[in-house]
Amino acid sequence: MTELKTPLGDEILSLRAGDRVSLSGTIYTARDEAHMRMMEEGIPFNPEGAVIYHCGPVVKDSKIVAAGPTTSARMNDLSGFLIDAGVRGLIGKGGMGENLLNQIRGRAVYLAFTGGCAALAASRMTLKGVYFEDLGMAEAVWEISVENLPLTVGMDSAGGDLYQKVRDNARDNYERMF
Amino acid sequence: MLIENISRATEKAIREAEIHLPGDFMRALEKTIAKETSPVAKAEYENILENIIQAGRLEVPICQDTGLHIFFVTLPPEIPLTSEIYEGIYEGVRRANKSVPLRPNAVDPITRKNSGDNTGVNVPAVHIRPGEKFTITAMPKGGGSENMSRLAMFLPSETGRIKSFVVETMLIAGGRPCPPVVLGVGIGSTFDGVCSLAKEALLEPVDSMDEFEQEICDAVNELGIGPMGLGGDTTCIAVKVKKGHCHTASLPVAVNVQCWACRHATVEVEVPCND
Numbered sequence: 001m002t003e004l005k006t007p008l009g010d011e012i013l014s015l016r017a018g019d020r021v022s023l024s025g026t027i028y029t030a031r032d033e034a035h036m037r038m039m040e041e042g043i044p045f046n047p048e049g050a051v052i053y054h055c056g057p058v059v060k061d062s063k064i065v066a067a068g069p070t071t072s073a074r075m076n077d078l079s080g081f082l083i084d085a086g087v088r089g090l091i092g093k094g095g096m097g098e099n100l101l102n103q104i105r106g107r108a109v110y111l112a113f114t115g116g117c118a119a120l121a122a123s124r125m126t127l128k129g130v131y132f133e134d135l136g137m138a139e140a141v142w143e144i145s146v147e148n149l150p151l152t153v154g155m156d157s158a159g160g161d162l163y164q165k166v167r168d169n170a171r172d173n174y175e176r177m178f
Numbered sequence: 001m002l003i004e005n006i007s008r009a010t011e012k013a014i015r016e017a018e019i020h021l022p023g024d025f026m027r028a029l030e031k032t033i034a035k036e037t038s039p040v041a042k043a044e045y046e047n048i049l050e051n052i053i054q055a056g057r058l059e060v061p062i063c064q065d066t067g068l069h070i071f072f073v074t075l076p077p078e079i080p081l082t083s084e085i086y087e088g089i090y091e092g093v094r095r096a097n098k099s100v101p102l103r104p105n106a107v108d109p110i111t112r113k114n115s116g117d118n119t120g121v122n123v124p125a126v127h128i129r130p131g132e133k134f135t136i137t138a139m140p141k142g143g144g145s146e147n148m149s150r151l152a153m154f155l156p157s158e159t160g161r162i163k164s165f166v167v168e169t170m171l172i173a174g175g176r177p178c179p180p181v182v183l184g185v186g187i188g189s190t191f192d193g194v195c196s197l198a199k200e201a202l203l204e205p206v207d208s209m210d211e212f213e214q215e216i217c218d219a220v221n222e223l224g225i226g227p228m229g230l231g232g233d234t235t236c237i238a239v240k241v242k243k244g245h246c247h248t249a250s251l252p253v254a255v256n257v258q259c260w261a262c263r264h265a266t267v268e269v270e271v272p273c274n275d
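Line by line, the protein sequences are chains C and Z. Quick note: the first sequence uses full-length UniProt numbering, first residue 1, plus one each step. Quick note: the second sequence uses full-length UniProt numbering, first residue 1, plus one each step.
Quick caveat, the hints were computed from the structure, so don't treat them as lab data. Check before you lean on any hint, since a few could be wrong.
[What the hints assert, rightly or not] Pairs of lysine-lysine residues, derived as DSSO-like cross-links and limited to a Cα-Cα distance of at most 30 Å, are as follows: (1) C:Lys165 - Z:Lys42; (2) Z:Lys35 - C:Lys60; (3) Z:Lys12 - Z:Lys133; (4) C:Lys63 - C:Lys128; (5) C:Lys165 - C:Lys5; (6) Z:Lys133 - C:Lys63; (7) Z:Lys113 - Z:Lys133; (8) Z:Lys31 - Z:Lys243; (9) Z:Lys163 - C:Lys165; (10) C:Lys60 - Z:Lys12; (11) Z:Lys31 - Z:Lys42; (12) C:Lys5 - Z:Lys42; (13) C:Lys63 - Z:Lys31; (14) Z:Lys35 - Z:Lys163; (15) Z:Lys98 - Z:Lys12; (16) C:Lys165 - C:Lys60; (17) C:Lys60 - Z:Lys98; (18) Z:Lys98 - C:Lys128; (19) C:Lys165 - Z:Lys35; (20) C:Lys165 - Z:Lys98; (21) Z:Lys133 - Z:Lys243.
Could you build the full structure based on these sequences and the hints that come with them?
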């Protein structure tokens, strides 16, 4: 398992789809509305080597209660400007589209976190700050410190896409069976 | 007094369902993990198991999608079916919102306005049957897997298509319903009834399957979708089939997809003495 620490640098370029990583450091949650706000008003944190987490956490008394990943595909067309600004990692569930795969080529990596694992995530997270709090709990950008978040490389910077590979394989298997 | 007991039992059943997975599911999951060969899938299972442990330790919901609520109630002969039963259950849901806590998931279907407390028009759904004891089964159902569920009205001559329909449902779904899944399959009944059968099938023990169920399960697993769509030996932990007699001209089939957070819990309601 590869240990990663934020801010991420060129070490992510050698990661390949299917590799396991353990991530420590700072991550920023962002869903649809946060992406649109950042496009309009600018990115409120230093994007150089930053990691974005597709997540709408449950926060209570300045603590993260539950923080599983949300479906990344919703951010397919909203992520290019972040990669252009220097973001090196996206964390989420289910993978992203071909467009994003091209945008991260040679620059960034998509990391899969296990869907539904809200309690596991919360147990390794400390809340550091918040931007765009007016968007509401799920849509705000939360600055979170993580320790050893266990992730799988879903899409790599060399064009590798584990999800697409599995989908193609499943289609072949289905056609062979029926 | 009875209404208070119903509320209390409802709140308890929701809490239990949200935080702890049923024993039969845990046994089935352990069997699945033991035979997994893909390293990526094994790592996903490690996360899932660690998550289940942390949810119990921290007493927080297993998943942040705490679901839309469905209840199955059994009523003994001495308890009359009154509106109090519905009122008690609704009140239990409202209390569980704060005490568990739950995410408010119930919205108007058109305006999308959130009711704020997981109740609303025809929600939660309450199914009442006669039984020996007064019990309430809570079944919170996540949106991601519910959205991948399908219904087909086949011709009576097309019984041979049932298996491919179920497998195709998972081919289309891929990693989106958070596999490894449990599939509830309804066969027969009517357009409305078959979906109910598929849902109720998910309440059957998942640590055993009959020959037909096993055959469909094996076929789904041959797709190789694996946990979270990242590939692996197991996409489906169990298939559970529930049948109903249908019209001679019909063959309805429904597949209700259930994510790995296969949640439900039953609590007995204390019945106050009237003497």
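Self-check item: Violated constraints from the hint list, given by number and in increasing order
Solution: Numbers 2, 6, 7, 13, 16 and 20, in rising order.
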